[in-house]
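Number of protein chains: 2
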Amino acid sequence: MSSSILKSSSIKSQLIKTAKGTRDMLPDQMFIKDKVLSQIKDIFKLHGAVEIDTPVFERREVFQERYGEANKLVYNLDDQGGELLSMRYDLTVPFARFMATHNIQKIKRFQIGKVYRRDQPNQTSGRYREFYQCDYDMAGQYKPMVADAEVLKVFCQQLKNLDLKFKIKLNDRRLLDYAIIEKALCKQEQFNSICTSLDKLDKEPWESVKEELKLKGLDQDQIMKIKEFIDIQSESSVKTLEQLRYLYPNNKILDEIQLLIRYLEEMDCQENIQLDPSLARGLDYYTGMIFEAVLTGEERNLGIGSIAAGGRYDNLLGYFSKNQSIPSAGGSLGIERIFNILEDRHKKSKSIINNVDVIIGSMGEVESLQLMRLASFLWDNNIKADIIHEKIRFKDQIQQAISKGAKYMIVLGEDELKLNKVLIKNLNEKSQLALDFEKPQIIEFIKKGL
Amino acid sequence: MSSSILKSSSIKSQLIKTAKGTRDMLPDQMFIKDKVLSQIKDIFKLHGAVEIDTPVFERREVFQERYGEANKLVYNLDDQGGELLSMRYDLTVPFARFMATHNIQKIKRFQIGKVYRRDQPNQTSGRYREFYQCDYDMAGQYKPMVADAEVLKVFCQQLKNLDLKFKIKLNDRRLLDYAIIEKALCKQEQFNSICTSLDKLDKEPWESVKEELKLKGLDQDQIMKIKEFIDIQSESSVKTLEQLRYLYPNNKILDEIQLLIRYLEEMDCQENIQLDPSLARGLDYYTGMIFEAVLTGEERNLGIGSIAAGGRYDNLLGYFSKNQSIPSAGGSLGIERIFNILEDRHKKSKSIINNVDVIIGSMGEVESLQLMRLASFLWDNNIKADIIHEKIRFKDQIQQAISKGAKYMIVLGEDELKLNKVLIKNLNEKSQLALDFEKPQIIEFIKKGL
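Residue numbers (the working numbering), protein chains in the order written: chain A, 2 to 451; chain B, 2 to 451.
Because the hints were derived from the structure by calculation, they are not lab data.
Hints are supplied without guarantee of correctness; some may be wrong.
Same chains, same names: a pair is fine if it fits in one copy or spans any two.
[Claimed, not checked] In silico EDC-like links for lysine to aspartate or glutamate, alpha-carbon gap of 20 Å or less: (1) Lys226 / Glu183; (2) Lys115 / Asp25; (3) Lys431 / Glu243; (4) Lys226 / Asp43; (5) Lys228 / Glu243; (6) Lys161 / Asp269; (7) Lys21 / Asp79; (8) Lys448 / Asp43.
On a predicted model such as this, the values are computed, not experimentally measured, just so you know.
Required output: the full structure, derived from the provided sequences and hints.
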């Protein structure tokens, strides 16, 4: 490291900002993140899913044309000689490339990693330029609705396990297609645009969406047909399905939806899942079932939108693969939003993060050597411990121990050591006792109490 | 996803390469990686270290001038309007920026993350352009040699815990300074260059290093003085120290090294650590203790160089901080190299990775509904399970179960189900029994056996 031209503190202070839309993770945040991610991984693994990873950047051609409009939000790397590279915008396109590279036809996989978007950051809603995605996919041939059902079961389990109150809205892209194109007789090229308007229904009233549809050239009759379809809603998916049957008798897609609902009942997650004909997500690559999870408890009012979403996309994964299509159903957890909720809960609960179980402090003239000898023994016996080497007031030592979440404080005191004793304070119970300074005995005592 | 111009399979096949020097992680690799990282984290946490994370890219000014020669290996992001950004080359400079941003004076932290170098990739030695670093640092004021000793203890524990045979070579930059500048009377500006030559001693014989030193302008007497110093080597650090005392009586640095060795003895890791005056790593930012761990067992012959390294750098962390210096000791685990070793061991052991504990298969006409009902019950009871939905030969079902590391296979058979029975095969013991198809009873049986 050359001692450089940048010496004055005013220049230094400009240097300490993170890049726009990115942030550091502080220890408390990392503690929660680590805990949440390990819970999430456990659920994926329950289903026999395997984990994969792909590089943060790929050859630019891999992404080109893949993101449509969003392509302008992709970060490119500078041309420094060699290949032209871009940073991943999501984990789905790299997954498609992965399937082709390793010639895989079937996999149940999850992937957790950071993705990059040159988007307008918005810290309150948790939108960053660098953020985690947490994807689960069942790729490959399955019987109808079998993978779709398991994907929904997985996200249901995830959200329950994170102790969130939620509802998963369920729909099928083909049904929307049928209602909008076949029944309301809209043009195929209007489909995406109409869905974009419908997608606003959870924030805007019908009247304004209706005006939008008019402006998009739909006539009174078309709008009425669409309204009739999206108005079919009930707490019970079975009832919603009955009404859809009444509206569209002989529709084969409804048979498949019925089968899906049947599977969900058998897997005991129908209570959290609700068939909702008005659900119309960014639909460009979905080919069947689509879903979106939203909060329903008190935390609904945090205004953070959906916390999980996905669907079936049968044409995406085979894109890079030679002569093969790879049907797939999957979804993504809105992990940054979930971090925010759980961080918030942690702050409200005012609970202290347990960084260590034991703090070793001292009173009087005690050498670091003695503190380290004991700490080393604790570490070798798998006990989380830290040492206070500084000569600070005993009160402050205890404060430090508490702030690190320690349950015990072992005090090496000048006077006690002469009698071959140490003090062990139980910081939770505010009790203490003197023990012979014999290391195995101390370990045994601590282990019993943890 | 627009269906794009790229249709022909020949163009497709060019698209499936990862970028040069990067690689995908396949499920088996990720399984091992995950296990290793969690073991590593556990040891860091034993010491009360907290985890932090920083973004993958930073404003370019943060890195400028920080890496000297290596600056040309930094990946820059394209100028797409807004800030100029670069990708991190290591985790140390971002850590220095982190300390300043959050105004932290003391922290014991670890960080695990990918870093990026436009270096010549070399897959056999495990050198990639995208790779993990795994850093541990004790930043802030401590008594002399206290943090240095704990850092060495941490890496000692890490390598032991990973079941590696290793030796940590230990030296002090100030001692090298003393030997080269004060005693051999070389010029200060020659120091780094001389150390670069000495650093080759583990690969090249003394004669060629000697020639290099001659070419660098050192005379016979200077070379002899240096040789005399680096020749002091013994299995025992205490003996090496004695000889150094004899060579350099009254040298105060030797008092500190003696104290460090004393601490290491007390922490029971002197056996793996060896004072070695010839150790001279890339020394530009080290200011005191330096170390490097190498393999000593059979795996020494893999030719993978050092598996952990670090030292004291008192001037680096305070660089971005206003008016303050932040002394620090720390190091890095060569985690990619360690992955390679453990992957290799795994392959040799031919052990199967346990992706699930139970596979649910079928015989005869059994509906997916029934398979899913049972699987769902297992998942809800925290048992790792997967279903074989395909109608494949029973032999192949068993093969699939074994390849996923399952211990049990539950068979729903058409005939058995009529009698309300299921078969449970213990695949390890090649035994089986018929059980009443009552879900709690099945759970109990499986849980007992896992």
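Q. Looking at the structure, which of the earlier hints fail to hold?
A. 3 and 4
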